[in-house]
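K.L.:
Heads up: the protein sequence lines correspond to chains A and B, in order. For the record, in the first sequence the residue sitting at position 34 is 34 according to the numbering used here, with numbers rising by one throughout. For the record, in the second sequence the residue sitting at position 20 is 20 according to the numbering used here, with numbers rising by one throughout.
Bear in mind the hints are in silico, worked out from the structure with no lab data behind them. Hints are not guaranteed to be accurate.
What the hints assert, rightly or not - Here are some chain B residues pointing at chain A (derived, C-beta under 10 Å):
{"hint": "1", "residue": "Gln41"}
{"hint": "2", "residue": "Phe65"}
{"hint": "3", "residue": "Met89"}
{"hint": "4", "residue": "Asn103"}
{"hint": "5", "residue": "Gly110"}
Ideal Cβ placement from N, Cα and C applies to all residues, glycine included.
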Amino acid sequence: SQQGEEDPQALSIQEGENATMNCSYKTSINNLQWYRQNSGRGLVHLILIRSNEREKHSGRLRVTLDTSKKSSSLLITASRAADTASYFCATDAIFTSGTYKYIFGTGTRLKVLA
Amino acid sequence: EPEVTQTPSHQVTQMGQEVILRCVPISNHLYFYWYRQILGQKVEFLVSFYNNEISEKSEIFDDQFSVERPDGSNFTLKIRSTKLEDSAMYFCASSDPEWGNKNIQYFGAGTRLSVL
Chain A
1 SQQGEEDPQA LSIQEGENAT MNCSYKTSIN NLQWYRQNSG RGLVHLILIR SNEREKHSGR
61 LRVTLDTSKK SSSLLITASR AADTASYFCA TDAIFTSGTY KYIFGTGTRL KVLA
Chain B
1 EPEVTQTPSH QVTQMGQEVI LRCVPISNHL YFYWYRQILG QKVEFLVSFY NNEISEKSEI
61 FDDQFSVERP DGSNFTLKIR STKLEDSAMY FCASSDPEWG NKNIQYFGAG TRLSVL
């Protein structure tokens with residue numbers, strides 16, 4: 001799989017259920033970020049997790065990071081219709097110049113049915 | 001909380017016209033970036049900029065693109081002669097030069113460019 005590959009590609013759940021999305025990456029990272037994007041709109045930053053962290057919480061969001069498996073998961077608890085969006089993970093990658101870029105996955109399209 | 005701001009949120013232009021997308025990075029940041037997202041596709045790295053010069057650029061960033069930091073606060077992306085396929089969301093990002101933070105990029109909300 002490519003760096004920052006999310007699965008599933010699409011997820012449809014009922015309001016109130018939990019939604020879990022996964023991200024896998026190939027090379028070592030310093031940090032990983034999760035973003036939300038409503039259709040045709042900009043990126044909304046959700047959570048940043050550093051490589052020395054295993055879990056972070058923010059409201060109804062929980063992100064885990066397993067660097068040994070090169071994977072991360074985003075859990076949205078008690079989902080709401082307003083959570084309907086695409087969710088992306090992004091991992092940092094270093095150039096030989098010492099600067100960085102982010103590599104984004106193709107995203108998981110979450111649909112929460114009312 | 002400081003944030004990266006981008007203007008305009010939506011830019012419409014005619015094919016062949018020049019367009020400038022503007023970004024105001026977070027004030028103490030010294031690394032700047034542009035990314036592009038064609039509708040339905042991944043967000044892709046275009047270019048990074050540090051110390052008034054391009055650090056890295058992708059194969060997408062060809063001669064029709066240029067970046068500039070015209071003053072102490074703005075960072076711009078210019079597309080000289082827009083093509084239909086330049087229609088996309090363009091995201092600006094910046095990062096702090098302090099060690100340990102350089103690899104954390106903060107993204108703006110994006111500018112949607114529509115080329116007609």
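K.L.:
Going by Cβ atoms only, is B:Asn103 closer than 10 Å to chain A?
P.N.:
5 Å, holds
K.L.:
Double-check B:Met89 for me: the hint is only fine if its C-beta lies closer than 10 Å to a C-beta in chain A.
P.N.:
7 Å, holds
K.L.:
Measuring from the C-beta of B:Gly110 to each C-beta in chain A, is the shortest one below 10 Å?
P.N.:
Since chain A brings a Cβ to about 4 Å from B:Gly110, closer than 10 Å, the hint holds.
K.L.:
Can you verify the interface hint for B:Gln41: is its Cβ closer than 10 Å to any Cβ in chain A?
P.N.:
8 Å, holds
K.L.:
Let's test the interface hint: is any C-beta of chain A closer than 10 Å to that of B:Phe65?
P.N.:
16 Å, violated
The structure is inconsistent with hint 2 alone, although it conforms to all the rest.
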